[in-house]
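A.B. asks: These protein sequences, in sequence, are chains A and B. For what it's worth, our numbering labels the leading residue of the first sequence as 351, then goes sequentially. For what it's worth, our numbering labels the leading residue of the second sequence as 962, then goes sequentially.
One should not assume that every hint holds.
Claimed, not checked - Only some residues are given here: those of chain B computed to face chain A with a beta carbon under 10 Å:
id: 1; residue: GLY985
id: 2; residue: ALA986
id: 3; residue: VAL987
id: 4; residue: PRO1018
id: 5; residue: VAL1020
id: 6; residue: LEU1029
id: 7; residue: LEU1030
id: 8; residue: ARG1033
Unchecked claim - Simulated pairs of lysine to any residue, SDA-like, Cα-Cα distance not exceeding 25 Å:
id: 9; chain 1: A; residue 1: LYS356; chain 2: B; residue 2: LEU1082
id: 10; chain 1: A; residue 1: LYS356; chain 2: B; residue 2: SER1099
id: 11; chain 1: A; residue 1: LYS356; chain 2: A; residue 2: THR375
id: 12; chain 1: A; residue 1: LYS356; chain 2: B; residue 2: VAL1079
id: 13; chain 1: A; residue 1: LYS356; chain 2: B; residue 2: ARG1058
id: 14; chain 1: A; residue 1: LYS356; chain 2: A; residue 2: ARG379
Said to hold, decoys possible - Sample of chain B residues lacking proximity to chain A, with all beta carbon distances greater than 10 Å (derived):
id: 15; residue: MET979
id: 16; residue: MET1049
id: 17; residue: LEU1087
Hints were generated in silico from the structure; no laboratory data involved. Where a beta carbon is used, it is the ideal one built from N, C-alpha and C, also for glycine.
Residue strings, one per chain:
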Amino acid sequence: MFDDLKRICLEACVLMAFGALFGLTLNHRLVMDAFSGRLVPPQRPVLEENAPLTLPVPVLIEEVQQVLSSGGLVVDARSPELFAMGHIDGAVSLPIDEFDSALPQFLDHVPRDRIIITYCSGFGCPDSFDLGVRLIGSGYLDVRVFEGGYPEWRDAGLPVAGEGL
Amino acid sequence: MIRMQPVLYHLARLILAMVFVYAGAVKMQDVVAFAGHVAAYQILPYAANYLVASTLPYVEFLAGVMLLLNLRVRPALMTVGAMTVVFMVALVSVLLRGLEIDCGCFNPGGGQETTAGVALLRDIALLVLIIVAWWLRSRITALDSGRGTRNVESHR
């Protein structure tokens, strides 16, 4: 009975190993890109397909550089502390938690038709997306979101500002 | 009741096979989107989401195929059972942290959303089915081997 269970466990492990190996073989490029920081941002599933205008458009790191150099605004959704430690060079801080109090000033300084790209701490972090949705709700016409966020930017060796750790 | 057991066993086995073959196949179509779903759980570090996304669907699929073919059924049941338990732990942590995310269980392309609570109930049902299938499979194996020895003895 116990031997039986041991054999079943072993066979289950072999089964899992085969499955994992098969998947890794098919997707090795994606996994290697992910671990080396050369990431393709996963498309956040758009749940409301009939309302595309209310959602920010995901963009790749190259587009962030283009928009930055052509007069667009990059907005950091993270906390002021994280912003102070390090942020994309040229970005302004608009923490999602302080959105309501900081919005009037933001509206005064940033014209509605300026291109805005939001970011936060990478794919695990929903704040940049939420901030984008709120900015669209506040009247901004072209809001995009850089889902790779600060980690991808920093790991790509692009210019950052801040006092460091 | 005894006569019903093989019927029940095959029913449970086939339901589980279909669920996991479908779950695996649908996620294989778009591994990157599935990685986004895994990332939404906010459990794993940055790149590990991709590692999970590029292995898990294939394990699900393979285990489902084994169940479908009625081969190595208990190892396959153990595999899907272990995965279901891991999913449940992840879903409970999502509920505790109050995250509002799609479970990403079946449909990486969007479509209708399944909340963590619903997904958790579904996983409980799956786990019950897995345990039932395991128990019946064990009984059938025991019965078969029992009959085998009796036959050997009668031949002597």
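A.B. asks: So, for every hint listed, does it hold in this structure?
C.D. replies: Structure-based check of all given hints:
{"no.": "1", "hint": "GLY985", "in the structure": "8 Å, holds"}
{"no.": "2", "hint": "ALA986", "in the structure": "13 Å, violated"}
{"no.": "3", "hint": "VAL987", "in the structure": "13 Å, violated"}
{"no.": "4", "hint": "PRO1018", "in the structure": "7 Å, holds"}
{"no.": "5", "hint": "VAL1020", "in the structure": "3 Å, holds"}
{"no.": "6", "hint": "LEU1029", "in the structure": "14 Å, violated"}
{"no.": "7", "hint": "LEU1030", "in the structure": "12 Å, violated"}
{"no.": "8", "hint": "ARG1033", "in the structure": "6 Å, holds"}
{"no.": "9", "hint": "A/LYS356 to B/LEU1082", "in the structure": "30 Å, violated"}
{"no.": "10", "hint": "A/LYS356 to B/SER1099", "in the structure": "14 Å, holds"}
{"no.": "11", "hint": "A/LYS356 to A/THR375", "in the structure": "28 Å, violated"}
{"no.": "12", "hint": "A/LYS356 to B/VAL1079", "in the structure": "34 Å, violated"}
{"no.": "13", "hint": "A/LYS356 to B/ARG1058", "in the structure": "37 Å, violated"}
{"no.": "14", "hint": "A/LYS356 to A/ARG379", "in the structure": "35 Å, violated"}
{"no.": "15", "hint": "MET979", "in the structure": "17 Å, holds"}
{"no.": "16", "hint": "MET1049", "in the structure": "18 Å, holds"}
{"no.": "17", "hint": "LEU1087", "in the structure": "16 Å, holds"}
Of the numbered hints given earlier, the model fails hints 2, 3, 6, 7, 9, 11, 12, 13 and 14; all others are met.
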